[in-house]
Every structure is written in structure tokens, then in C-alpha cells.
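**Q** Residues per chain are reported as follows:
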Amino acid sequence: LAKTTQPISMDSYEGQEVNITCSHNNIATNDYITWYQQFPSQGPRFIIQGYKTKVTNEVASLFIPADRKSSTLSLPRVSLSDTAVYYCLVGGTDKLIFGTGTRLQVFP
Amino acid sequence: DTAVSQTPKYLVTQMGNDKSIKCEQNLGHDTMYWYKQDSKKFLKIMFSYNNKELIINETVPNRFSPKSPDKAHLNLHINSLELGDSAVYFCASSQSSREHEQFFGPGTRLTVL
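Same order as they appear, the protein sequences are chains F and B. Residues in the first sequence are numbered from 27 upward in steps of one, following this note's numbering. Residues in the second sequence are numbered from 1065 upward in steps of one, following this note's numbering.
There is no bait here: all hints are sound.
Result set (DSBU-like, lysine-lysine): computed pairs, CA atoms no more than 30 Å apart in a straight line:
| id | chain 1 | residue 1 | chain 2 | residue 2 |
| --- | --- | --- | --- | --- |
| 1 | F | K95 | B | K1105 |
| 2 | B | K1135 | B | K1108 |
| 3 | B | K1105 | F | K78 |
| 4 | F | K29 | B | K1100 |
| 5 | B | K1104 | B | K1083 |
Since the hints were made in silico from the structure, they are not lab data. Keep in mind it's a predicted model, so treat the numbers as computed, not measured.
Chain F with its partners taken away, still in its complex shape (with noise of 0.2 Å):
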């Protein structure tokens, strides 16, 4: 099984951009990655996904190299409201792998 590890956690200001890594050497062929956002006592929340190359959407940019072993979310000039835990997920309609999440902390 794939298995997803990502620092533990992480801090920045605010106003910087913030980069977090997602480490998935097994990754398979169909496997798409995914990027959530959770804060304390509410549901995980979709923020961007993508299979390979770069990903951007109004919020986040998701990079993939081309052996597809990592994938980094950026995060461009973060605020105070972007602390969370942020988690990747790895997978098919068979199989999800969450990875371990990365603690952001964003100080003024």
C-alpha cells in the first residue's frame, strides 16, 4: 500500500508563501493526489488535485514532478486564517491514502 508522509508541521508569517511537501514513493499509475484543509473541530475541506505537472486554482497551486513520488502544495501569501492542518491524499476509486498532515502555523 502507498504510504503518504508529510512533516509534521510547519510555520510561517503572514504574507509569505508557504510550501508543503507530500511524500507517496508507491504511487500508483491510476492514483490521483488530492490536498485538504482542516481545521480544529470541523471536517476536512477540498483545496486543489491533481495527477501530474502543475495544478492552480483560485486558492493554491499543486506541483507534481514527473516521477510523481511527491507532490508540494504552495500556498501564496498566507493570513492568519490559512492556519490548519493540511493533508494530502493519495489514490483511486479502490484505495485512499491519507498522508500523516502538516501542522501550519501563521504568525503576524
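Starting from the structure of chain F, add chain B where the hints point.
**A** Quick look at chain B alone, frame taken from chain F:
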């Protein structure tokens, strides 16, 4: 309007009891999931259903039994509760054409005493 709702939000019970958690989604999705989040915040999928058919059935004790009466509901029944079952349980839903964009419920915090 709540997209994915779960009841109850909190559940405190004794070891050995049987309990159920209900989940409903009003998004018109055809796939629903149950996840367990432990005290270390690790999220692990337990089950997924597509159009009432079991798709993912991870290695969980057979004391846990999902039931999907229709596409909008996926309930979780737990028999003979144990201390280790204490966790937050999340229900989620998605459309099979966009299966990775899942919408999560608010969670049910289960405490087994």
C-alpha cells in the same frame, strides 16, 4: 443548508454497547465514505459506497457495519464498543466523476468509557 450532516455530534457510551452514527448528504452525490480520525489526527478510510454498493472496505473489525438505505444516506453501526473505538468519525460524499473532491461532514466524536 448543510451539505453533509452527521448525527449525533457527540456520543459518549460504555464499553460493550451498540451505537449508530447517521450521515446524510443533500448534494446529489453517488459516493459516500466513512473515515476515522484518531487522537493523533491520523485520518483513515473505513468504507466507501457508490450507488449503495460497497467499494472500499478497509481492514476494520467486523463490529463496524455500514448501511446505505439510499444514495443520500450512509449510516455506521458499531457493535460491542471498545475503548480503542474512541475517535472522531467523519462522513463524506463525492460524485464519482470527481471522486477526490470529497465534502466532509462535521464529524462525530465518539468516547467509549
